[in-house]
Structures are given as structure tokens and as C-alpha cells.
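One-letter residues, chain by chain:
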Amino acid sequence: MYVVLLRLALGLYSVGLLHSVLTVLNKKHMFFRPALGAVIAGFVCHVLSIVLRGMEAQYLPITQRYEAFSFYGALVAAGFLIAYAKYRISPLSVFVFPLIFVMTFIANLFYNPPPPIPGILRSNWIYIHIPLVFLGFTALFIAFTAAVMYLLQERELKSKHPTIFHDRLPSLELSDDLAYKSLAIGFPLITLGIISGALWAQAVAGLSWAKDIKVLLSFFTWFVYLLLIHYRLIAGWRGKKAAYLAIVGFIGVLLTFLAASPLGSGFHSFYQ
Amino acid sequence: MQLAIVGLSHKTAPVEVREKLAFNDDALRAALITLIKKENITEAMILSTCNRVEVVAEGSDDRLIQDFLCEYHQIPKDTVAKHLYSFRNTEAIRHVFRVTSSLDSMMIGEPQILGQVKEAYRIASDAGTVGMHLSALMNRAFAVAKKVRSETGISKSAVSISYAAVELAKKIFGTLNGKTVMIIGASKMGELAAKHLKSAGVSSVLVTNRTFERAVELAKVFEGAAVPFEHFTDHIDRADIVISSTGAPHFIITKPMGEEVIHRRKNKPVFFIDIAVPRDIDPTVNQIDNAFLYDIDDLQQVVDANLKERMSEANRAEEIIDHEVQAFCTRMQSREVVPTIVQLKDSLEKLRRDEIERHRKLLKDLPPEQAIDQITTSLINKILHQPIAELKAAAHDPQGPDIVEIVRKLFNVKPQ
Chain A
69 MYVVLLRLAL GLYSVGLLHS VLTVLNKKHM FFRPALGAVI AGFVCHVLSI VLRGMEAQYL
129 PITQRYEAFS FYGALVAAGF LIAYAKYRIS PLSVFVFPLI FVMTFIANLF YNPPPPIPGI
189 LRSNWIYIHI PLVFLGFTAL FIAFTAAVMY LLQERELKSK HPTIFHDRLP SLELSDDLAY
249 KSLAIGFPLI TLGIISGALW AQAVAGLSWA KDIKVLLSFF TWFVYLLLIH YRLIAGWRGK
309 KAAYLAIVGF IGVLLTFLAA SPLGSGFHSF YQ
Chain B
134 MQLAIVGLSH KTAPVEVREK LAFNDDALRA ALITLIKKEN ITEAMILSTC NRVEVVAEGS
194 DDRLIQDFLC EYHQIPKDTV AKHLYSFRNT EAIRHVFRVT SSLDSMMIGE PQILGQVKEA
254 YRIASDAGTV GMHLSALMNR AFAVAKKVRS ETGISKSAVS ISYAAVELAK KIFGTLNGKT
314 VMIIGASKMG ELAAKHLKSA GVSSVLVTNR TFERAVELAK VFEGAAVPFE HFTDHIDRAD
374 IVISSTGAPH FIITKPMGEE VIHRRKNKPV FFIDIAVPRD IDPTVNQIDN AFLYDIDDLQ
434 QVVDANLKER MSEANRAEEI IDHEVQAFCT RMQSREVVPT IVQLKDSLEK LRRDEIERHR
494 KLLKDLPPEQ AIDQITTSLI NKILHQPIAE LKAAAHDPQG PDIVEIVRKL FNVKPQ
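Those protein sequence lines, which keep their order, are chains A and B.
Here my numbering = 1-based position in the first sequence + 68.
Here my numbering = 1-based position in the second sequence + 133.
It is possible that part of the hints are untrue.
Pairwise CB distance ranges (calculated) [claimed, not checked]:
| hint | chain 1 | residue 1 | chain 2 | residue 2 | range |
| --- | --- | --- | --- | --- | --- |
| 1 | A | F173 | B | N448 | 49 to 59 Å |
| 2 | B | N310 | A | I263 | 46 to 56 Å |
| 3 | B | K289 | A | L116 | 39 to 49 Å |
| 4 | A | V71 | B | K289 | 44 to 54 Å |
From the derived model, a few chain A residues whose C-beta atoms are all more than 10 Å from chain B [unchecked claim]:
| hint | residue |
| --- | --- |
| 5 | M69 |
| 6 | G79 |
| 7 | S88 |
| 8 | F99 |
| 9 | V170 |
| 10 | I174 |
| 11 | L225 |
| 12 | L242 |
| 13 | Q270 |
| 14 | F288 |
| 15 | W305 |
Please keep in mind that the hints were generated in silico from the structure rather than gathered at the bench.
Backbone N, C-alpha and C fix where the C-beta goes; we use that ideal spot for every residue, glycine too.
Generate the whole structure from the sequences, applying the supplied hints.
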């Protein structure tokens with residue numbers, strides 16, 4: 069049942085993807101309303117699918133690739149809907165809808181029935197560590213898209229040859245504000261996520277978690293965001309420089325998210 | 134529906150002619166009432182703006198309206214005839230739709246015309262010269278104008294320098310509420326731009342000028358504060374938007390100064406608008422992060438791009454209007470068919486009863502065959518009286534052949 073729901077969600081998300089493609093190719097922004105409706109409907113199916121999987125497996129469904137991608141896709145959708153409700157920036161959808169689609173699509177590729185999971189993952193820490201990290205990722209992705217929108221609009225304004233994107237993109241102040249607020253939410257979340265991960269590893273003795281590439285990358289990423297927060301608050305960085313740093317930070321997030329663990333410990337590799 | 138429009142606009146007549154034919158608001162009502170007393174005219178409306186004078190009338194031909202215009206304004210017909218255009222029926226409907234949707238305006242997409250047409254319609258309604266046809270037409274025209282406005286971009290982007298400045302400011306700051314603008318140099322152009330910014334939400338205005346009195350004067354207009362010219366650099370960092378239009382021969386804001394301002398503002402963005410010639414602000418200020426500099430040519434370039442965009446959007450608007458004209462014609466025709474059938478039946482029925490009534494006495498005296506013969510002959514004469522009169526009249530009318538054709542078709546009479 070949850071697979072059917074997830075495929076249904078994927079189908080609905082494809083309307084969102086179509087909207088993004090049309091907007092970029094056609095430069096018309098007429099398709100947003102139906103796409104938004106479809107994505108909301110898809111999101112509802114998606115959440116139901118995750119809940120059903122969780123009930124069947126009797127654990128938080130984020131240990132397999134299938135589950136992780138599905139979960140992250142749903143979080144990105146939720147993050148977009150929250151940001152849209154507050155800021156009404158429809159161009160954000162052009163960036164976010166494809167990501168939601170791709171995440172859900174990958175989840176569909178890796179479908180497997182819930183296996184029995186090993187003891188290490190049967191820990192309450194999993195309910196804290198992974199949601200915190202994923203929520204943080206979602207907020208930082210929104211910060212990233214806001215930064216991209218900022219840079220595009222900034223370039224348009226500086227060039228003095230405004231093209232059609234000029235109309236569609238939000239104002240600099242709005243993008244900057246969205247980037248900052250998402251960062252202000254995302255940074256504490258990944259910080260807590262990393263701390264909870266460290267505590268979890270501590271609790272399970274004998275694992276050399278410091279060798280885990282995901283852990284190392286996450287430290288690097290965390291440091292970039294720390295710099296960003298620092299410069300924003302102390303040096304009054306805003307606009308372009310802050311946007312570049314938010315993009316570098318998100319590349320770190322992506323690497324962290326995608327990194328398997330070739331260094332042997334396997335601590336963070338997906339179970340199956 | 135037999136719609137006719139006669140008028141002139143900025144496209145066909147210079148202002149000297151337009152002003153001669155213009156109606157002022159107080160005279161409109163009386164003019165409409167005079168017009169509707171003319172033979173055949175059943176409904177009328179007059180649109181008189183600085184760019185056009187148009188008479189829209191139902192039930193008549195254009196010549197009658199032309200005569201009215203010349204008589205009313207007491208000008209010889211031959212002096213204006215070459216400036217007047219006239220449209221009938223479908224073309225008249227299209228013209229009304231195009232005018233109301235601002236496709237026929239001097240500045241395509243300008244929003245005022247819709248209000249002006251609405252006002253003209255209201256005056257005609259109040260004067261009682263609007264009936265079923267004009268009200269259907271105008272209500273549709275208002276709906277079409279709304280559709281064109283929302284589905285195309287013809288009224289979207291700014292096409293004047295000062296509006297372009299406002300739009301750019303909005304792209305930087307989002308909302309202009311709570312923002313401060315500084316005007317350097319009290320020129321007309323700067324004043325105009327500041328006025329637009331103020332009505333777009335800018336909350337405080339600083340004015341500086343070489344002659345301080347002029348700055349004070351202008352500050353009063355905007356309920357702002359005047360700053361002595363020698364000290365304007367101390368206050369410039371308070372401004373989110375700086376409009377410069379002094380007569381200075383050299384740059385009064387240099388790049389280091391721009392950098393200093395951004396630094397003092399803790400990187401909050403500044404929008405510099407340089408509308409002075411020669412320029413007041415070093416163009417390299419635009420290279421500073423968070424500083425955005427537009428000079429008069431840059432703004433003109435934005436306006437030109439917007440104009441081009443408008444033109445291409447106007448083509449889409451024309452398509453919408455084509456479609457709407459057709460839909461409206463079809464609707465009006467089907468709307469008129471049913472009442473016409475009913476009326477036709479009723480009037481012929483009345484004719485028949487009258488004839489029977491008139492021949493009642495004959496019926497008693499004559500044998501039935503002869504009576505029937507007489508009644509039917511007289512009935513045919515009565516029925517044909519009007520069509521024959523019209524046919525004869527049509528023989529002297531340039532529109533004649535049409536009517537002959539229609540009569541042949543109606544009575545199924547083939548040409549020999």
C-alpha cells in the first residue's frame with residue numbers, strides 16, 4: 069500500500085517537475101497554481117506512505133535507502149510549503165519541485181520490503197539524530213535556493229539588462245531574508261544533529277566513528293555554516309558574499325548526504 | 134444590433150482638431166439627449182478624453198453621427214472629415230474592445246482609459262441613453278479589458294523613467310515601506326521620481342541642494358527634512374535610495390565615497406539613481422557590492438526593454454480580442470433572433486385579426502369564395518407594404534444590393 073501511495077505521490081510531484089521545466093523553457097509562469105495543488109496532494113500521499121511503512125516495520129522508516137530518500141523528499145516538500153506559506157515566493161518552486169521529484173524517484177528505485185534491522189539501529193537515538201539532521205538539511209537547502217535566487221537577481225540588477233527572470237525572481241531583500249531565516253533554523257538543527265550523533269556513537273562503544281567520512285564531511289560543512297553565521301552577525305555580511313558561502317555550505321551538505329562510507333566502518337552506510 | 138462609431142483619436146487627428154471636437158463633462162448629458170432625439174438613434178454614448186472623441190450609437194449609420202458632431206461643435210464638415218474614422222457592427226465592437234483594453238492608447242496598456250470609458254458609460258446611463266445593446270456591449274468590454282490585463286503583460290512593466298526607478302527599487306528592497314530616500318539637487322526630474330517613490334510607500338525623504346532655501350521648500354512638499362549641501366555626506370548613509378540630479382560638472386559621489394557609505398550602512402543595500410547630465414555619480418560605484426547604480430541611460434534602457442515586451446504582449450491581447458468579438462457577435466445574434474421571431478409573429482397575427490375585423494361586414498354579404506379572395510389580397514398588400522417601401526428606398530442607397538439579396542432570400546424569390 070505504501071509503495072502505491074509513494075508512486076502516486078511521485079506522479080503528482082511530476083506535475084511540479086513539469087512546472088519547473090515549463091517555467092525555465094517557456095519563461096511563462098502560468099502553471100504554478102495547478103502544480104502547487106498537485107504537490108500538496110502528492111505530499112499528503114507521501115506522508116501517508118511513510119506512516120504506513122513505519123507502522124508495518126515498527127520503526128522510524130529512515131534506515132534503508134528507500135526510506136531515507138522518501139523521508140527526505142517529504143521533508144523538502146514540507147519545508148517548501150512552510151516557506152511558501154510565509155513568503156509567497158513562487159519561483160522557489162522552480163528549484164524545489166525537481167528536488168522533491170528526484171528524491172521520491174530515487175526512493176522508488178531502491179524499494180525493498182522492511183527487513184529486520186540490526187541492533188545498532190534499534191536505538192532511541194535514531195529518532196533524534198536522523199530527523200534533526202534531515203530537518204537541518206531541508207532548511208539549508210531552502211537557504212541554498214534563496215541564495216541562488218539572490219545571486220541571479222543581483223546579476224540582473226547589476227547588468228542593467230533585466231531579462232524575463234528579473235520579473236519572476238523575488239526582491240533581493242526577500243531572498244536574503246529567506247536565506248538568513250532558513251540558516252537560522254537549519255544551523256541549530258544540524259548542530260544538535262551532530263551532537264546527538266556523537267552521543268549516540270559514544271553510547272555504542274567500540275565504533276571508530278571519527279573515521280567515518282560522513283562524519284568528517286559533516287564537520288567541514290558545519291564549520292562553513294559557522295563561518296557564515298559568524299560573518300552575518302559580526303561583520304554584517306549580507307547579500308552576495310553570504311549567498312556564495314551558503315552555496316558552498318550546501319555543496320558540503322550534498323556531499324555529506326550522498327557520501328557512502330568507503331572507509332570501512334560502515335557506520336553510516338545504509339542498511340541494505 | 135446596428136452599432137456605429139464615429140470618432141477621432143491621437144492616431145488620426147492632431148490636438149488642434151481633437152480639442153475642437155471634445156465635449157466637456159458638463160455638456161455631455163445635454164449632448165447625449167440631443168443625439169438620441171435624432172431619427173433612428175436608440176442608444177448612445179460619448180467618450181471624450183484628451184486623446185480621443187468617440188460617439189458610439191445604436192440604430193443608426195455613421196453619417197448621421199458625423200453630422201451631429203459637426204453641428205454640435207459648429208464646425209464645417211470638410212475641415213474634420215479627413216480626421217474622422219467610422220466603424221460599423223463587428224468592426225465597431227472590436228474597436229470598443231480595443232479602446233477599453235488600452236490597445237488603441239497612445240501608451241499601450243496604460244490603465245487610465247478603462248476608468249475613462251467606465252465614466253463615459255456611467256454618464257450615458259444616468260442620462261438614460263443606454264439600452265440593452267450598449268449595456269451588453271460595454272459590460273462585455275469591461276470584462277474583456279480585465280481579461281487582457283490579467284492574461285497578458287501589456288500593463289505590467291514600467292514604461293516611464295520614474296516608474297522604472299520605482300520598480301527597480303522594489304526589486305531590491307521588496308517593499309518600500311519604512312525606506313528613506315535622499316534627493317540631491319532640487320530638479321524637476323528628481324522631484325518626480327521622489328513623488329513616485331513616496332506614493333509607492335517610501336516613508337521619509339531627505340533633501341539637499343546647493344541653495345538651502347530650495348531644499349527646505351522641496352522638503353516641505355514631501356514632509357521631509359532638508360540637509361545642508363556641505364553636510365549631505367554625513368546623512369547619506371541614512372538613505373536606502375539616493376536620487377542625484379545636480380548641475381555639478383563633476384562626480385559628487387565617487388567610488389571611495391560609495392564604499393564608505395555601504396560600510397557605514399553595514400552592507401545594507403543602496404539604490405543610487407543618477408538622473409543628472411553630466412552624471413553626478415561615478416559609474417564604478419555600481420561595482421561595489423550591495424550598491425546598485427542606474428543612470429538616466431540605464432533607466433531608459435529598462436523602459437525600452439519593457440516597451441518591447443509590451444508590444445509583443447499586445448499581439449497576444451489582439452488574439453484575445455479577436456476571440457471575444459466573435460463570441461460576442463454570436464451571442465448577440467442568437468439573443469436577437471428569439472424576440473424578433475416573437476415580434477414578427479405577433480405583428481402579423483395582429484394584422485390578420487385587424488383584417489378579419491375590417492371585413493366582418495363583407496363576410497356577411499359576399500359569398501365565401503369572394504370574401505376570402507378579398508381578405509387575402511388585402512392581407513398580402515398589408516404585409517408587403519413595408520418591404521416594398523424599403524426595397525424602393527434601397528434602390529437609391531449604396532447599401533441597396535444587400536437588402537435586395539436579403540429579401541430574395543427571405544421570400545425565396547430567385548432572380549430571373
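Confirm or reject: A/F99 is not an interface residue toward chain B, with every Cβ-Cβ distance exceeding 10 Å. holds (14 Å)
Claimed clearance of chain B by A/V170, with the beta carbon kept past 10 Å: holds (30 Å)
Classify the label on A/S88 as holds or violated, using whether its beta-carbon is more than 10 Å from each beta-carbon of chain B. About 21 Å separates A/S88 from the closest Cβ of chain B, which puts it past 10 Å; holds.
Given the range 46 to 56 Å, decide if the beta-carbon distance of B/N310 to A/I263 lies inside it. violated (41 Å)
Consistency of beta-carbon spacing, B/K289 to A/V71, with hint 44 to 54 Å: holds (46 Å)
With 10 Å as the threshold, tell me whether A/L242 passes as away from chain B on beta-carbon distances. Its Cβ does come within 10 Å of chain B, the nearest being 5 Å, so this is violated.
With d taken as the least Cβ-Cβ distance between A/F288 and chain B, does d exceed 10 Å? holds (26 Å)
Distal placement of A/Q270 relative to chain B, Cβ over 10 Å: holds (41 Å)
For B/K289 and A/L116, compare the CB-CB distance with the range 39 to 49 Å and indicate the outcome. Hint holds: Cβ distance 41 Å, inside 39 to 49 Å.
Once the closest CB in chain B is found, is it more than 10 Å from A/L225? It is violated; A/L225 is separated from chain B by about 5 Å at its closest Cβ, not greater than 10 Å.
Hey, does A/I174 actually stay past 10 Å from chain B on C-beta? With a cut-off of 10 Å, A/I174 remains clear of chain B, as the shortest Cβ separation is near 36 Å.
Taking the closest pair, is the beta carbon of A/W305 still more than 10 Å from chain B? The assertion about A/W305 is violated, with a minimum of 6 Å to chain B.
When the structure is compared with the earlier hints, violations turn up for hints 1, 2, 11, 12, 15 and for no others.
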